[in-house]
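J.: So you can see what is in the structure, the chains are spelled out below.
Protein chains: 2
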Amino acid sequence: MDHWYALIMAGGGGTRLWPLSRKDRPKQMLALVGDRNMFQIAVERLDPLISRDHIFIVTGREHLESLRASAPQLPQANFIVEPYGQNTGPAVGLAATHIQQRDPQSVVAVLTADQYIADTAKFRGALAASADLAARGYIVTLGITPTFPSTGYGYVRRGEPLGEIGGFPTYRASGFTEKPDAERALQFLTSGLYSWNSGMFIFRNENLLSEYARQQPAMHALLKEIASAIGHDDYQVTLNRVWSEMPRLSIDYAIMEHAENMAVIPVDMGWSDIGSWATLFEVLSRDENGNATCGPQPDCIHLDTRNTLVVSDTTPRRMIVTIGLDDMVIVDTADALLVCRRDHSEDVRKIVDRLKASGDAAHL
Amino acid sequence: MDHWYALIMAGGGGTRLWPLSRKDRPKQMLALVGDRNMFQIAVERLDPLISRDHIFIVTGREHLESLRASAPQLPQANFIVEPYGQNTGPAVGLAATHIQQRDPQSVVAVLTADQYIADTAKFRGALAASADLAARGYIVTLGITPTFPSTGYGYVRRGEPLGEIGGFPTYRASGFTEKPDAERALQFLTSGLYSWNSGMFIFRNENLLSEYARQQPAMHALLKEIASAIGHDDYQVTLNRVWSEMPRLSIDYAIMEHAENMAVIPVDMGWSDIGSWATLFEVLSRDENGNATCGPQPDCIHLDTRNTLVVSDTTPRRMIVTIGLDDMVIVDTADALLVCRRDHSEDVRKIVDRLKASGDAAHL
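Just so you know, the protein sequences line up as chains A and B, in that order. Each residue of the first sequence is one higher than the one before, counting from 1 in the numbering used here. Each residue of the second sequence is one higher than the one before, counting from 1001 in the numbering used here.
Hints are not guaranteed to be accurate.
[Stated by the list, open to error] Here are the computed lysine to any residue pairs in the SDA-like style, where the Cα-Cα straight-line distance is at most 25 angstroms: (1) A/K224 <-> A/R241; (2) B/K1023 <-> B/S1051; (3) B/K1350 <-> A/D326; (4) A/K23 <-> B/T1314; (5) A/K350 <-> A/R25; (6) A/K356 <-> A/A278; (7) B/K1356 <-> B/G1013; (8) B/K1023 <-> B/D1360; (9) B/K1023 <-> A/T314; (10) B/K1350 <-> A/A135; (11) A/K356 <-> B/P1316; (12) A/K356 <-> B/G1324; (13) B/K1350 <-> A/K23; (14) B/K1023 <-> A/Q76; (15) A/K224 <-> A/W243; (16) A/K350 <-> B/D1287; (17) B/K1224 <-> B/Q1040; (18) B/K1179 <-> B/G1192; (19) B/K1356 <-> A/C300; (20) B/K1023 <-> B/P1217; (21) A/K23 <-> B/T1315; (22) A/K224 <-> A/R25; (23) B/K1356 <-> A/Q297.
Rather than coming from a laboratory, the hints here were simulated on the basis of the structure.
Given the sequences, and given the hints that come with them, work out the whole structure.
T.: Here it is, written out as structure tokens:
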């Protein structure tokens, strides 16, 4: 499809994957599953659905060089640089503004650089189906079939059916809910009417920009200023000035939760946000004792050890010996070692918070 | 006492303290409790009971330099070098032969370089008491009051009382038993008649050499050859030749188990052989969560972690973060990391055996 574009959000993040994930090496740059980093996988899984020169990246200046090096097949001009992080509302708006100048008829899929998808064929099928709905004026979200009553994701409710497209049943979306409490999460799961909000959205670009104009007129006015400067000498100066005035809002909050004509395509494609060592462990292959690894193969001896994840990122590779362990996570990096019970993986965030509080920049 | 000598056995060992303990850095060279290494502590705890120039060391060539550097206050000539390890029977015989030439009236305490003793005043008191018994012709062993039915130590049985000396009740020894099975170990413990064999022996040196002559005539003849060569040009050649003919026997098996006039002084002095990470943990001080460390202070964050030992031996110090751990041991060295449940500490030996079998000299 000539007007088909992808916009990959590659701003960084991944604090719960410390100490492998660092400020200068966010989750998207890590080879967590296989030997390609998450960003490379996010780019490559679009092939052959979306042509290379239609793939845009929005990121911060600090990640620009490593992202370009990871995906040299993409045109350098397609990397849109935020002056600094202002949440996803301004980031998507900025990139959409660039794409709109390139192609006023563009249909855009907003995707993320750090999600795992096992069934990439199904993913591309769902994207193709979503493009059909987008052409009919809908803003589409890919909904993930929930597997447990998560309180960590947003939920989207299915409304009126919009018919089956390419094997995918599609629905009007009848309401977004941000991270619910445990009781509501369980209700959502058992009702069978809800999907997790994957953060992947597909739309006619002019529809999206209309929603900015309707729901976020201040932000829209700022985006118009940027649009006028694109291709001119004062682009960077304008962007820098305008950026500081941007409201720090997520795309969900700013646009999606109250957009008109929202649709949802529920899809079960082996999705994971790999938000923590525990969720990474779920998608890794394991040996006969249930032990797993990711990245370069560790020099490892396991004795009486089961269901344990060992990640080795030292040069030269250190020998790692485990004895008598169950359900543990060991992450061995050059300057920091994590040993964590797997069911405490969420608490890694607390460590990063503590390092920030103590100003320990070396380990962040 | 003018004729009082100590002989510290410093041959090496400590495989269950891998990866901190290595072939080139045996247990005696490690600062496991406090900031002095085990050998230094073994030397210093004799002060002021035995004068420096009466302290002899028997060791292998590979450890000579580091031992001398650790105890520069000792005369260099007091370091007796085995050509290679032939077990403790020949080692004690060799050193006893040297001491006998120095002082035919010597009373010698055979001690080890890698044992922990909490109450060093009591230790010196027991040594002083043992010297009295030794002067009366006994070969004395210090017996450790058992705290559990260990199958890892030898046992010595108390016989007829020999009176109290300096506050210590003393007894004839009425039989040694090598490592017993669990049932006998329990019998020994409950009988109240047994002590652990500490491997520390005190005797008139000529008594010991008479026992060599009586029980190990071949070994005694070889020791006589060495004695004739001491102070002569052919000493090293003679020693090397003779050494290869030495039977590889422990001092317990070769002499003590069937020596005449054996005595035992049971003493409760907070003794540990620090044979494993678990036994080391027992003697370390712990914080309010029961966590311990040894050696240089680690750069450590503990979250929900209890009763865990963290040993850090990297330069620069790596950050070590633990989350949700109980009863674990973490030993972090430059080229190898051990993560082990504390009650699996004995299995560290299996790792060392495996490294030997695979010829992994770098990690041994």
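J.: Indicate, hint by hint, whether the structure satisfies it.
T.: Hints, one by one, checked against the model:
1. A/K224 <-> A/R241: holds, 13 angstroms
2. B/K1023 <-> B/S1051: Violated: B/K1023 and B/S1051 sit about 31 angstroms apart, past 25 angstroms.
3. B/K1350 <-> A/D326: Given that 25 angstroms is the threshold and the Cα spacing comes to 19 angstroms, the pair holds.
4. A/K23 <-> B/T1314: holds, 24 angstroms
5. A/K350 <-> A/R25: holds, 19 angstroms
6. A/K356 <-> A/A278: With a Cα-Cα distance of about 23 angstroms, the restraint between A/K356 and A/A278 holds, given a limit of 25 angstroms.
7. B/K1356 <-> B/G1013: Within the cut-off at roughly 14 angstroms; holds.
8. B/K1023 <-> B/D1360: Given that 25 angstroms is the threshold and the Cα spacing comes to 12 angstroms, the pair holds.
9. B/K1023 <-> A/T314: Roughly 24 angstroms between the alpha carbons, so the hint for B/K1023 and A/T314 holds.
10. B/K1350 <-> A/A135: The hint is violated at about 65 angstroms.
11. A/K356 <-> B/P1316: holds, 21 angstroms
12. A/K356 <-> B/G1324: Given pair A/K356, B/G1324 holds - Cα atoms ~21 angstroms apart, limit 25 angstroms.
13. B/K1350 <-> A/K23: violated, 40 angstroms
14. B/K1023 <-> A/Q76: violated, 55 angstroms
15. A/K224 <-> A/W243: holds, 12 angstroms
16. A/K350 <-> B/D1287: holds, 21 angstroms
17. B/K1224 <-> B/Q1040: Roughly 32 angstroms between the alpha carbons, so the hint for B/K1224 and B/Q1040 is violated.
18. B/K1179 <-> B/G1192: holds, 17 angstroms
19. B/K1356 <-> A/C300: holds, 16 angstroms
20. B/K1023 <-> B/P1217: Judged against 25 angstroms, a Cα distance of about 33 angstroms means the pair is violated.
21. A/K23 <-> B/T1315: Cα-Cα ~24 angstroms, so holds.
22. A/K224 <-> A/R25: The given pair, whose Cα atoms are some 33 angstroms apart, is violated under the 25 angstroms limit.
23. B/K1356 <-> A/Q297: holds, 22 angstroms
In the structure shown, a violation is registered for the earlier hints numbered 2, 10, 13, 14, 17, 20, 22, in ascending order.
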